[in-house]
Amino acid sequence: MTDSHLCDVVVVGAGMIGAACALYAARAGLTVAVVDRGPVAGGTTGAGEGNLLVSDKEPGPELDLALLSAALWEDLAAEGFGAGDRLGGVVEYEAKGGLVVASDERRLTALADFAAAQTAAGVRNRVVSADELTDLEPHLAKDLAGGVHYPQDAQVQPALAAAHLLRLARLTGAEVRLGETVVGIDTDAAGRVTGVRTDRGRIKAFAVVNAAGTWGGAVAELGGVHLPVLPRRGFVLVTAPLPPVIRHKVYAADYVADVASDSADLQSSAVVEGTPAGPVLIGASRERVGFDRTLSVPVVRRLAAQAVALFPRLATVPAMRAYRGFRPYLPDHLPAIGPDPRRPGLFHACGHEGAGIGLAPATGLLVAQTLTGAEPAQDLTPFRPDRFDDATEGAGR
Amino acid sequence: MTTTDAYDLLVIGAGPAGFAAATTAADAGLTVALIDAGHSAGGQFYRQPAPALNASRPKALHHGWRTYEGWMRRLAAHVASGSVRHLTNHQVWAVERVPDAEPGGSDGGFAASGDRATLFVAHALVGVEAARSVAVRGRALLLATGAYERQLPFPGWTLPGVVTAGGAQAQLKDSLVVPGQRVVVAGTGPLLLSVAASLVQAGAAVPAVVEAADPLRYARHLPALLRNPGKLVEGAGYAGTLLRYGVPVRTRHVVVAALGTRRVEAVTVAKVDRSGRVVGPERTVACDTLAVGYGLDAQLDLALELGCPAGREPDGGWALEVDDGQWTGVEGVWAAGETTGVGGAQLALAEGELAAWSVVARLRPGLPRNVPARPVRQRARLRAFASALQGVHQVPRFAEQLRDDTDVCRCEEVPYAGIRDAVTDLGATDPRSVKLLTRAGMGWCQGRMCGTAVQCIVSELTAGRAKAVPPSRPLACPVPLGVLAEQAGDPPG
Numbered sequence: 137m138t139d140s141h142l143c144d145v146v147v148v149g150a151g152m153i154g155a156a157c158a159l160y161a162a163r164a165g166l167t168v169a170v171v172d173r174g175p176v177a178g179g180t181t182g183a184g185e186g187n188l189l190v191s192d193k194e195p196g197p198e199l200d201l202a203l204l205s206a207a208l209w210e211d212l213a214a215e216g217f218g219a220g221d222r223l224g225g226v227v228e229y230e231a232k233g234g235l236v237v238a239s240d241e242r243r244l245t246a247l248a249d250f251a252a253a254q255t256a257a258g259v260r261n262r263v264v265s266a267d268e269l270t271d272l273e274p275h276l277a278k279d280l281a282g283g284v285h286y287p288q289d290a291q292v293q294p295a296l297a298a299a300h301l302l303r304l305a306r307l308t309g310a311e312v313r314l315g316e317t318v319v320g321i322d323t324d325a326a327g328r329v330t331g332v333r334t335d336r337g338r339i340k341a342f343a344v345v346n347a348a349g350t351w352g353g354a355v356a357e358l359g360g361v362h363l364p365v366l367p368r369r370g371f372v373l374v375t376a377p378l379p380p381v382i383r384h385k386v387y388a389a390d391y392v393a394d395v396a397s398d399s400a401d402l403q404s405s406a407v408v409e410g411t412p413a414g415p416v417l418i419g420a421s422r423e424r425v426g427f428d429r430t431l432s433v434p435v436v437r438r439l440a441a442q443a444v445a446l447f448p449r450l451a452t453v454p455a456m457r458a459y460r461g462f463r464p465y466l467p468d469h470l471p472a473i474g475p476d477p478r479r480p481g482l483f484h485a486c487g488h489e490g491a492g493i494g495l496a497p498a499t500g501l502l503v504a505q506t507l508t509g510a511e512p513a514q515d516l517t518p519f520r521p522d523r524f525d526d527a528t529e530g531a532g533r
Numbered sequence: 057m058t059t060t061d062a063y064d065l066l067v068i069g070a071g072p073a074g075f076a077a078a079t080t081a082a083d084a085g086l087t088v089a090l091i092d093a094g095h096s097a098g099g100q101f102y103r104q105p106a107p108a109l110n111a112s113r114p115k116a117l118h119h120g121w122r123t124y125e126g127w128m129r130r131l132a133a134h135v136a137s138g139s140v141r142h143l144t145n146h147q148v149w150a151v152e153r154v155p156d157a158e159p160g161g162s163d164g165g166f167a168a169s170g171d172r173a174t175l176f177v178a179h180a181l182v183g184v185e186a187a188r189s190v191a192v193r194g195r196a197l198l199l200a201t202g203a204y205e206r207q208l209p210f211p212g213w214t215l216p217g218v219v220t221a222g223g224a225q226a227q228l229k230d231s232l233v234v235p236g237q238r239v240v241v242a243g244t245g246p247l248l249l250s251v252a253a254s255l256v257q258a259g260a261a262v263p264a265v266v267e268a269a270d271p272l273r274y275a276r277h278l279p280a281l282l283r284n285p286g287k288l289v290e291g292a293g294y295a296g297t298l299l300r301y302g303v304p305v306r307t308r309h310v311v312v313a314a315l316g317t318r319r320v321e322a323v324t325v326a327k328v329d330r331s332g333r334v335v336g337p338e339r340t341v342a343c344d345t346l347a348v349g350y351g352l353d354a355q356l357d358l359a360l361e362l363g364c365p366a367g368r369e370p371d372g373g374w375a376l377e378v379d380d381g382q383w384t385g386v387e388g389v390w391a392a393g394e395t396t397g398v399g400g401a402q403l404a405l406a407e408g409e410l411a412a413w414s415v416v417a418r419l420r421p422g423l424p425r426n427v428p429a430r431p432v433r434q435r436a437r438l439r440a441f442a443s444a445l446q447g448v449h450q451v452p453r454f455a456e457q458l459r460d461d462t463d464v465c466r467c468e469e470v471p472y473a474g475i476r477d478a479v480t481d482l483g484a485t486d487p488r489s490v491k492l493l494t495r496a497g498m499g500w501c502q503g504r505m506c507g508t509a510v511q512c513i514v515s516e517l518t519a520g521r522a523k524a525v526p527p528s529r530p531l532a533c534p535v536p537l538g539v540l541a542e543q544a545g546d547p548p549g
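Keeping their order, the protein sequence lines are chains A and B. Add 136 to the 1-based position in the first sequence for the working numbering, that's all there is to it. Add 56 to the 1-based position in the second sequence for the working numbering, that's all there is to it.
Rather than coming from a laboratory, the hints here were simulated on the basis of the structure. Computed from a prediction, not measured in an experiment: that's the story for all the values here. Note that CB positions come from ideal geometry on N, CA and C, so glycine has one too. A portion of the hints provided could be inaccurate.
As the list claims (entries may be wrong) - Which residues of chain A face chain B? A few of them, derived with a C-beta cut under 7 Å, are:
id: 1; residue: V176
id: 2; residue: A177
id: 3; residue: G182
id: 4; residue: G216
id: 5; residue: G218
id: 6; residue: R222
id: 7; residue: A299
id: 8; residue: L314
id: 9; residue: L431
id: 10; residue: P454
Said to hold, decoys possible - Under 10 Å between C-beta atoms, here's a sample of chain B residues computed to sit facing chain A:
id: 11; residue: R433
id: 12; residue: A478
id: 13; residue: D486
id: 14; residue: T518
id: 15; residue: C533
id: 16; residue: P536
id: 17; residue: A541
id: 18; residue: E542
Just chain A, same shape as in the assembly (with noise of 0.2 Å):
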């Protein structure tokens, strides 16, 4: 164990979007060390669907942030592992396409309104009838309006994409210590972020990356600065395995409202999803509930009774369980990406609400773009994490 470690850069967060920052970092020829306090995927990530959504985001800085993370997923996935795998097949990547549906006209106007304003914006979709819906997915339920299909949606199984990116991170040279805890951000005299101190000792860097999610504000805490990271709850329930009946990413339209929502009461709308190990996923409640942690049934039956109306055929298969996770958000629903100019040497990648493991490879290339000083790909403006102060800008505490 060192006292004393030197390295370029220490990613606080070894979830999905510590884990791409550390690949990215490293790739770019940046050393590295990555620490949490838990294990890998222990916080959101673990606790996720494995979302690769574009289909659910309005033309903004957040879409252009999913696009190109989409192309970098695929570049992801495309990779070799081993003898004649690719790393897309070890992280359960699926480019299976999302299915939005309509329960009425009204519904699918206002859905096929919203995807012609994603299509000026780069992203591919086709409204299809309610006799396609059909064709696309068999045991959906007859009474539907119609629905948009989105080719660039796709899948990953979080927990193991998190950990074949540190995998892969670390046999380009980073260190990832597990079980340790940041306490402190070590400043020099020009308030310039030196380090961080853990309770196993001091790593010195020149660079901090804040990807410590949900505890994201707590992290900038330590660094002094402001973040106002607030955890959203939400619930998904697991399946029985079943064989393939669902094909692509379902859900209903209105959860596209329900991202963008202010309402702190529960907004739910089920996502539907088949998995290669046989369970169906149906998910995302989203509750502003603070940490609290206790099954909530009324949020359970909602869900089931969403899963339920989209597949009639679902009822009779058991729910074997049910888990929560936290996602981290800020108060516009936009991640904190990039150098906080009021604590030179600290970046933050954090509160990607529940779009984290979409979001992650891009981030992970801003974030290494930023840290090497070259040309960010995307303008990082909207994610200046610094933009919910009040007074004006500065190295303030």
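Starting from the known structure of chain A, arrange chain B on it as the hints suggest.
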């Protein structure tokens, strides 16, 4: 009472702790709903043959049958008078805490710092077909959900003919059937002798009882043992039976593998040292059945979901932490029996009784308190005995015997190598992250069978640095989506 009303007390589980609590609470005037998945009260210990079998002497298979019959008479009287509602074949999948809809109507409900009182709602699947769910309401909750048998993996453990020790006994009690003609009984714990004795009395041959623990370790716990002469007599009774039938008991031995092609044909047995590491040569024992058990793990899903604190037991299992009144520290929630530490039926009876008195004192503060001294004494004595047993019968080291391809999670067929690689290559440091990376514990049993094994393997691979946390299962059992989707109904009147 109408079914939408709240009972004073919901008791989940009708084993010894549950029926003793329900009966005692009803004696004191409380209304009780006793909810259980079984067809009659008694739990695993007082299991009975299905009525259709017309067993003439079920008591031959049980210890303490007269005590049980006494409790059953009292319970039946309360059921007849309507003060206890016994809901059989009801499996609780979640307990919810909701605000009491009727302010004023909740004499003795629990108000957290002046807020409105809360009620507990137990959601239960009805019958084996589980085609619907009912909601039962109560002001206080007592969790007596018992325990299930702890399994450890070893090469060959998934062969047909390998059964759990408790399962073999349950089969005998339920349907009067022995699981095989030649049954090796193995593992650790007091259950082994009792299972072996039941088997030989029922006509099976038991070529060996293979006990991992060192009997000399009992010497460290002499005071606790000597305070429990009845327990010693019970144990001596089993030992005497085994002696009469010529059954050899090999202590400090473990089954390292089960052999066979279509079915178990033999087991290999080896001597272990104090830490449970294999030291002696292996020998083979022919058999057609292996009944194996490594103690019990408490069923804590409902309790943990309600936020009840749990701690580690001497044998590595988890148990709820309770006060002298069996209160869990969570407002309105009590626990008794194996959920607060595995200790057997007599201890469960005493704890159930004491929990009921504590609930009565809380719900009816005006009543004079007359908690009997007997269960207090019994609990102290039997808990000391249970701790002593747990200290002796710890989980032996088993990971060294596993081969790369030995399944650790049999539901999802996750081999030992997969779990090792998740820890050494992929960054798992606890059972949850192992599960996420390998699917171990994601199958039908939701890790009830492999959970302890995975925890032990992870601890060993991470040199004990892994933080142990009890498993979380928000759904205590599988629930059909269609049932989950429907609004909860009331139990049939």
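Structure-based check of all given hints:
Hint on V176/A holds. Least Cβ distance to chain B is approximately 3 Å, under the 7 Å limit. Because the closest C-beta pair between A177/A and chain B is about 6 Å apart, less than 7 Å, the hint holds. Taking 7 Å as the C-beta cut-off, the interface hint given for G182/A holds, the closest approach to chain B being about 5 Å. About 17 Å separates the beta-carbon of G216/A from the nearest beta-carbon of chain B, more than 7 Å, and the hint is not met.
For the restraint placing G218/A at the interface with chain B, the shortest Cβ-Cβ distance is roughly 12 Å, beyond the 7 Å limit, so the hint is violated. Of the supplied interface hints, the one on R222/A is violated, with its beta-carbon coming no nearer than about 17 Å to a beta-carbon of chain B, more than 7 Å. Taking 7 Å as the C-beta contact cut-off toward chain B, the hint placing A299/A at the interface holds, the least distance being around 4 Å. Here the hint on L314/A is kept, as its CB sits about 5 Å from the closest CB of chain B, short of 7 Å.
A least Cβ separation of about 4 Å between L431/A and chain B falls short of the 7 Å threshold, and the interface hint therefore holds. For P454/A, the shortest C-beta to C-beta distance to chain B is roughly 4 Å, which falls under 7 Å, so the interface hint holds. With 10 Å as the threshold, the beta carbon of R433/B stays out of range of chain A, its nearest partner Cβ sitting at about 37 Å, so the hint is violated. Satisfaction of the interface hint for A478/B is found here, the shortest Cβ-Cβ separation to chain A being roughly 8 Å, below the 10 Å cut-off.
Proximity of D486/B to chain A holds as hinted, the smallest CB-CB distance being about 6 Å (cut-off 10 Å). At its closest, the beta carbon of T518/B sits 8 Å from a beta carbon of chain A; the interface hint therefore holds under the 10 Å criterion. With 10 Å as the threshold, the beta carbon of C533/B comes within range of chain A, its nearest partner Cβ sitting at about 9 Å, so the hint holds. With its C-beta approaching chain A no nearer than about 5 Å, P536/B sits inside the 10 Å limit, and its interface hint holds.
For A541/B, the suggested interface contact is upheld, since its CB lies about 4 Å from the closest CB of chain A, less than 10 Å. For E542/B, the interface hint holds, the least distance from its beta-carbon to any beta-carbon of chain A being 8 Å, beneath 10 Å.
Hints 4, 5, 6, 11 from the list above are not met by this structure, while the remaining hints are.
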